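Novice: Each chain, written out:
2 protein chains.
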Amino acid sequence: MVVGRSPELDELFRPTSVAVVGASNRPGKVGTSLFRNVIAAGFQGVAHPVNPSWKSVSGVRCYPDLQSLPDPPELGIVIVPAPQVAGTIDELGRAGAKGAIVISAGFREIGDAGAALENEVVARARRHGMSLVGPNCFGVFNTDPSVGLNATFSESLPSPGNIAFVSQSGALGAGILKYAASERIGFSRFVSVGNRAGVDENDLLAALDRDPRTRVILLYVESLANGRRFLEAARDVTEHKPVLVIKSGRTTAGERAAKSHTGSLAQSGRDQLYDAVFAQSGVQRVDSLAGLFRLAKIFSSGLALGGPRLVILTNSGGPGIVAADAAVRQGLELPFLPEAVRSALTSRLPTIAAVANPLDMTADVGADDYRRTLETLIESPGLDGALVIATPTGTMTGESVARAIADARATTRKPIVACLFGVTDLSEEATYLESQGVPTYTFPEEAVEGLGGLARYRAWLDRPHLPVRTFAVDRAAASAVLSRAQSVGATVLPEYAARGLLEAYGIPFPRSALARDVEEAVRAGDGIGFPVVLKVASPDISHKTDVGGVAVNLRNAAELRGAWERMDRSVRAAAPSARIDGFEVEAQVPAGKEVLLGIQRDPSFGPIVVFGMGGIYVEALRDVTFRLAPVRPLSAQHMIESIRAYPLLRGVRGEPASDLAALGEAIERISQLAVERPEVVELDLNPLIVRPAGHGVTAVDARIVLAPPSDSGTTV
Amino acid sequence: MVVGRSPELDELFRPTSVAVVGASNRPGKVGTSLFRNVIAAGFQGVAHPVNPSWKSVSGVRCYPDLQSLPDPPELGIVIVPAPQVAGTIDELGRAGAKGAIVISAGFREIGDAGAALENEVVARARRHGMSLVGPNCFGVFNTDPSVGLNATFSESLPSPGNIAFVSQSGALGAGILKYAASERIGFSRFVSVGNRAGVDENDLLAALDRDPRTRVILLYVESLANGRRFLEAARDVTEHKPVLVIKSGRTTAGERAAKSHTGSLAQSGRDQLYDAVFAQSGVQRVDSLAGLFRLAKIFSSGLALGGPRLVILTNSGGPGIVAADAAVRQGLELPFLPEAVRSALTSRLPTIAAVANPLDMTADVGADDYRRTLETLIESPGLDGALVIATPTGTMTGESVARAIADARATTRKPIVACLFGVTDLSEEATYLESQGVPTYTFPEEAVEGLGGLARYRAWLDRPHLPVRTFAVDRAAASAVLSRAQSVGATVLPEYAARGLLEAYGIPFPRSALARDVEEAVRAGDGIGFPVVLKVASPDISHKTDVGGVAVNLRNAAELRGAWERMDRSVRAAAPSARIDGFEVEAQVPAGKEVLLGIQRDPSFGPIVVFGMGGIYVEALRDVTFRLAPVRPLSAQHMIESIRAYPLLRGVRGEPASDLAALGEAIERISQLAVERPEVVELDLNPLIVRPAGHGVTAVDARIVLAPPSDSGTTV
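If you read the sequences in order, they're chains X and B. The numbers in my numbering rise by one with no breaks, and the one at position 634 of the first sequence is 634. The numbers in my numbering rise by one with no breaks, and the one at position 230 of the second sequence is 230.
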């Protein structure tokens, strides 16, 4: 990352002078279309082509080199062969340029030789303090009429609008722009980040957040430049503007393709980390390009839902039902209509109409029924928005119902979304409705998808903004455990040490005591309370059950004595040379649900908390969820609720609910440990027992892996 | 259902003479647009308007009544008010009509009075042996130029094509026709079935199967007229033609809306039965109208995939990756390219291109590279079809690449599907490609969705056509159990009787013996083999554990004696008046996985087999699946594989696999019982223990409910 002079990145988006190095007149060359685009888009600054081979390019005086330019270029656009790019950057820097967009390919994407060239380009840009876009990219545009910059080689420039688009794939960006132009979708800014040697999506999120012309930000990425920085950057932006992302390479095949495409790090099975970072930053992930535009359209309209309560108004039952199904899938609510609304409508509508939600007015109604009914519905405080489905009929033309909907729209700030069923998105009626602030879709389920996006964004904005909790933990004890382990070079903590570290962070374990003889064990059992577990304690025995070193469910002193004797014999016979520190007497863990809670680390995402149902659920069903640490209280709760086996924790069929509050706190405490103890590279509580509500959690088995001494403290 | 003279339903689809009763000239009336449509569509027979109010309709001589017609009408189209419809049907019948399409509304959908009118209409049609469509419907069309029938009041008639569409929602049908007309989607036939008092989707499936102009059948239904008949009808059709369905009302909200819309039976929570019937009949269910058309387009092309192995060819990495992700979601395979293909291509493509799958030729290639590469790929025996993604670039126009793809298409019968990325579906290039047999989509994921449909249909056609297995069961013993229970009027079978019935059908239970004294019990234990379970046997004790009547895991004779004494005391104390037949000694069930297996019955779907993981999985996670009985071997296997917890049965982390063969057989045996014993209205094996492979299954607990004596044998 090479960030420029300002977080706004004005040197890239609002340059007053531009030099296109490698501009050309030869048909089919990138330098030809690019310079033509710069000129044709109505650039408000001054643009100079630079190329020793031409006297003029597209009719504009061409200069042989950067030194000859009459105006110092604020932004350089570079289309020269890869080996010449570093030199060009230097010249640009010397000429005073603050930014460079390197279109040229032949860098990291082609292997080591290219990577070396790319490193050199970055070094030069850094030396001159220049913002760098690319290399290997499709360019940048800004449709702001006071700038008029089209520094791409796109054939089609979309109309001005309020959608910003950042793409890691140049050709995908190009295709999208072409599509958008034909569908009349307006953009504010576009950046193809290419190899991201300089500016990346994180820098751009911050810049686009500050752009008053941008209302919604679209990202296409195949990997994140830095997962942790993305979390921070996106979390800021989504407070002001919705961010929609396609992260492709979700499947192994897709990932293989993405890897070969971008040369990015393999992140096998890491797709859930992307889900985590998007969930924690309020970014909406979509899986399809078509879906991206369905959401972009509604966010672009500037409409906002106050809540999830939707009414569906239709003159045709079938599409209403399809929409109702889709609404439920999108997490929207279709409340029963408030009594006031019902009585107001009953008098007006044909007797055959069912005053329900969806409200099917039947095919007999006219455009005016639409207007009046919609006005009645939308002013009800019990409804947050409306989906209007209208199939033009003999009694009602598309034009008249479009006008009726627009009239109703004018009376409210609540979103009204339309599906003129049977009429395409590009029809006159749809165009008219959209001009009147009514996003319009061809199919009802698509309209609902858009409304679902608004509802999710509303829920994100309205979430309780709870800070990360920091618990008072026994830092001295924790540090003592860790430095002791590090002093002997241990990377896997012994069980008692793992327990010590976790107890220091407030994770409860069963009460236990080390007994050196049987009488001490019985006293310990009395103190802890029966039933108890007896375990051999020896630094030389790692698999206790193999030597008969574990006895469970000892209900009283007599059983404890019997177990002691049997264990003593069996352990000494099986492991005659082992040093025996004594036998551990431990409270039998009471019944509860087994969950898994752990820490992992990732080079891009940093410390990660993992949570899932324990035992077979983890192994066979992969019912686990991830969040980047630190985990806030709300995220901890979402983790618990997001696993498929959540009903088992919530309690079913009269079973008591588990102690979800204690479980949430345990997640947050483990998150705190992950953040405060970078030397812990892996931690597994499996199982952690979650007892019934009010009875807390108890860890049973803990495994902790430390970074090798040399790495200690440097792991992200 | 009133089925007409022929399974082809020619009286509806190919009439030689038509009478439109209720034809009109008044603008905005259904009778006006309908008669105009009949005339305008180029009807090849003779059409007469019938209405005493007019001398002529749309310029055609109008008759006051049916008796006055110069030609006997083969088909009547009825648009008169509801109370006059029955009389009109009578007149049509007397005039020799073989079919009637009743457009008029005001029947079952408005309540009891309407239902009475509808019953009368049905009775009259039946009396005359007429086929009846409707009432409350939007009509019928057939675009066959030798017929040219448009008996709908649609504003737009789609172009002729090979897609047939059957809709339970008239207005939805109308919207679809309008949409299709603007998108140049061609239809063969259309039927709005309305209230389905006569012809229903099952009759139409059979008729459309026989229509040589129909290549793919689309259904929109809110409920099935008869789930069981649908299974049979659809299973036949899908051997010849793909059937795609939207069954709306999937969610509770949608179902509520559907119920109020169609007045159909409430079928709460029955959506999984629809999934079952579609899976068993090879019908592809889609959730969105847009998705329905994406599939219809590719099936309409007549292309077929020979297998799931897809190659993706692109000049742009991003869309290729999006397509790869989508392909995996659709169950398609993206094999590594065969060596012969790799070496053939390596010499030809730019060095920067990765010869992988997706094959990204990079933006530098031209149209001719597309043609040659595509030809090389598609002739490889290791690949079944190709998705070509092309983003028009400076080096390649949309037109040239479209031509290149079409040229390659001409060399093969394998499907080639295109995504001209950035170019809309209605562009000239897309239109040209589709005319050349290359289905073309705007977005890569949509193209993949189409290919996924082809692959699923191929898998359906290629499935092993295994017959229903009929096991040699002990029918005499089963009948004895049932008649004994029925003779005493029992509806819930006692445990031993349930066991007897199930054992007669080959479902194993643990070995057991009734012991009358403790010595007999010990002998039984020796015979069965320890460990054993001891249970009180009494007709008066239904909850044995409540009275201390169950002891498990008795490891030897001594423990059995002890348990006998304790149980004897405890049961006599807790239930002093209970008759005690003795104590049951039962083999302890060895370890295994607990599953649920059962029978349910449904008025529309008939006998149903239910399968899922047992215990908490059923209660909390609803991890169950359904199939209509009889269940074939393949369906039994699909049931096992389709539950989420399937990995637990298949075996994970070195755990042995469960005995899936025995489990499949148990499913089929239960299915046989369901079919042969209609008096069993409910059956639950919960749990059935599935032991490791080779060790079979063992039932532990069985609950069987019989129909009340009066119903016996009549339950579907």
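For the record, the hints were derived by calculation from the structure and aren't laboratory data. These numbers come from a predicted model, not from an experiment. Take these hints with a grain of salt, some might be off.
As a list, the in silico SDA-like pairs of lysine to any residue whose alpha-carbon atoms are at most 20 Å apart [claimed, not checked]:
#	chain 1	residue 1	chain 2	residue 2
1	B	Lys414	B	Thr362
2	X	Lys241	X	Arg463
3	B	Lys544	B	Gln486
4	X	Lys29	B	Ser56
5	B	Lys29	X	Pro350
6	B	Lys55	B	Ala86
7	B	Lys29	X	Asp368
8	X	Lys29	B	Gly382
9	X	Lys29	B	Asp364
10	X	Lys544	X	Ile580
11	X	Lys29	B	Thr362
12	B	Lys29	X	Gly366
13	X	Lys29	B	Lys544
14	B	Lys29	B	Gln67
15	B	Lys29	X	Thr16
Far from chain B, by Cβ distances over 10 Å, these chain X residues were calculated [claimed, not checked]:
#	residue
16	Ala174
17	Arg329
18	His543
19	Leu648
All residues carry an ideal CB built from backbone N, CA and C; glycine is no exception.
Novice: Hint by hint, work out which the structure violates, then give me just those numbers in ascending order.
Specialist: Per hint list: 1, 3, 4, 6, 8, 13, 14, 15, 16, 17, 19 violated.
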